[in-house]
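Trainee: Heads up: the protein sequence lines correspond to chains A and B, in order.
All residue numbers for the first sequence refer to the numbering used here, where the first residue is 755 and numbers rise by one.
All residue numbers for the second sequence refer to the numbering used here, where the first residue is 755 and numbers rise by one.
Treat the hints with care, since some could be wrong.
If chains are identical, the list can't say which one is meant, so a pair holds when it fits in one copy or spans any two.
To be verified - Dumping the calculated DSSO-like pairs for lysine-lysine here, alpha-carbon to alpha-carbon at most 30 Å:
hint: 1; residue 1: K878; residue 2: K1019
hint: 2; residue 1: K878; residue 2: K892
hint: 3; residue 1: K892; residue 2: K1032
hint: 4; residue 1: K781; residue 2: K1022
hint: 5; residue 1: K878; residue 2: K981
hint: 6; residue 1: K878; residue 2: K1004
hint: 7; residue 1: K898; residue 2: K965
hint: 8; residue 1: K1032; residue 2: K878
If you're looking for bench data, these hints aren't it; they were derived computationally from the structure.
Number of protein chains: 2
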Amino acid sequence: MRRVLVTTDRIGLEELAGLLRHADVVKGWKLDEGGIQAVLPEVEAAILLGWPPYFTRENLERMVRLRFVQTMSVGVNQIRFQDLPRRVMVCSNAGAYSTAVGEHAWGLLLAAAKWIALTDAAIKQEQGAFDQFRAGAKDTLVLKGGTMGIIGYGGIGRAVARFAAAFGMNVVAFGRGSRREKGVRLYRGRSGLDKVLRLSDAVLISLPLTKLTEGLIGSRELGIMKKNAVLVNVARGDIVHQRALYEHLKSNPSFRYATDVWWFKEGKETLETEFSIKDLPNFVGTPHTSGPAGVASGEPQRAVVLNTIRYLRGLKPRNIVNRTEYAE
Amino acid sequence: MRRVLVTTDRIGLEELAGLLRHADVVKGWKLDEGGIQAVLPEVEAAILLGWPPYFTRENLERMVRLRFVQTMSVGVNQIRFQDLPRRVMVCSNAGAYSTAVGEHAWGLLLAAAKWIALTDAAIKQEQGAFDQFRAGAKDTLVLKGGTMGIIGYGGIGRAVARFAAAFGMNVVAFGRGSRREKGVRLYRGRSGLDKVLRLSDAVLISLPLTKLTEGLIGSRELGIMKKNAVLVNVARGDIVHQRALYEHLKSNPSFRYATDVWWFKEGKETLETEFSIKDLPNFVGTPHTSGPAGVASGEPQRAVVLNTIRYLRGLKPRNIVNRTEYAE
């Protein structure tokens, strides 16, 4: 019998049921160290949330049947590609969180554009008067008639493009896909990225963190954006250069950064920042809550099970990761 | 020459230019007490932002030619109807802020639904870790597939209905208009209001404050709403009963209230509340900034000038207020 290792208890029994018709399901979170060691050589496919501590280089060498890894997350930057044999196909869960993350992204955009988080906090802390807080809410951005720029035009990007259209915005996008959608102008390459940044009143970052995108938004890119633009990040913190962002926010008080994702430190996302960027009034941050909200909907769980079944049935899985884009 | 008194300098010269072809424009903010006294008996129409201090009962008695009052605001609850002769037609500026206020309302909804204001403040104050803040962000509301209820289906309500449709929500509305719009189910009367409150995952209050709507949302109405619903108010604070809301928020931590408008105290909107409602984590408040953002767009100014011209040309003005709905 073929064996699929599921390393997270976030996938319910109902969702796993579909998998049972095609393979034996090993519930990793129920096994002790001995059980894990016994089963690893038999595992052909693995469904991961994060990187399991027992996926060490030594254990991976013993997993001689492993051919397929499916992540619950959209991003795969947590995968230790350098320890994973070339024969293993890695699939991301792109698209499965588009609704939850897209909605969260739009909330971050409006919270910054309308200074909602800032004035809510000011009212609660200072108990002051109207005029003072209104003065702090200058440069409120009206979205209608403005331009929305989307950096990375996948599932989340397309969801946000729909919201932007409903708000009466023009939509421009930077991406490498060949899709063209009604009303959305797609740009490519370095000059395309610059074009989107220059044109937009609000910019969404929704592309994966790879060797190519790490630090993609640095001081040059921030510098060509509009002075009162709002930059929203729901992808990965490290796509934006932290020092460059800190300096840009400090010297451009009408420019706003709103993020659900944080910079990595020693391989782990953390709310601790290198610069005191959280103290700036034009910084809005949520603790990577957009994804967990998606998990609550069950959509990502259904998607990983379906994609693993595609692999088991010999069909081409969706969202196969191009490993050359990640450090090995 | 017919005379129009403009009491606010928020209307620019460009916008006033259109008015000059039909009447003499008196800039109230440029006159001293003597100048005001001299001009009042000649004023036929007045454009107001708020209620001018010199519109006392005595002065209004001397304004024998006054026939038309146009407010810059959508709400007209600041008008002293009891001092204003019956012959004076009062027009609100309904619709002129729909874009700015609708966008702000959607921002408030998402800030509460996704706990954006709460977690942003928690991160900035406590410098804590991910898991703690994520636990605080339980009950995140995914809008797609849910139901949006709109109490008061005017310009702002219709703008928000469009946003809700783009987010994949069903839309139900409570209103007295006869309009029916594609995809929006309209309900009327007390039972209609209850229906909308019961069905909805998110509810927008966007109707005027009148004798009929003061305290419209009390403990009974809050009690029939879903336990994890989000209630958004961009109309007037006093449509919601403060004590009932405070008690409901305290005993239902997943229920959220997000507001741009505040309760009146001694005839004036104030951020001071009777109950310590601002300390509750499920309360989000902005300092009535949605309107000023609209003024920045110039839309309300253009609308009041156009409507005053309609009056001067003998056409029926828009947004004539039914005075019997306001305390006299």
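Trainee: Checked against the structure, which of the hints given earlier come out wrong?
Mentor: When the structure is compared with the hints, only number 7 turns out to be violated.
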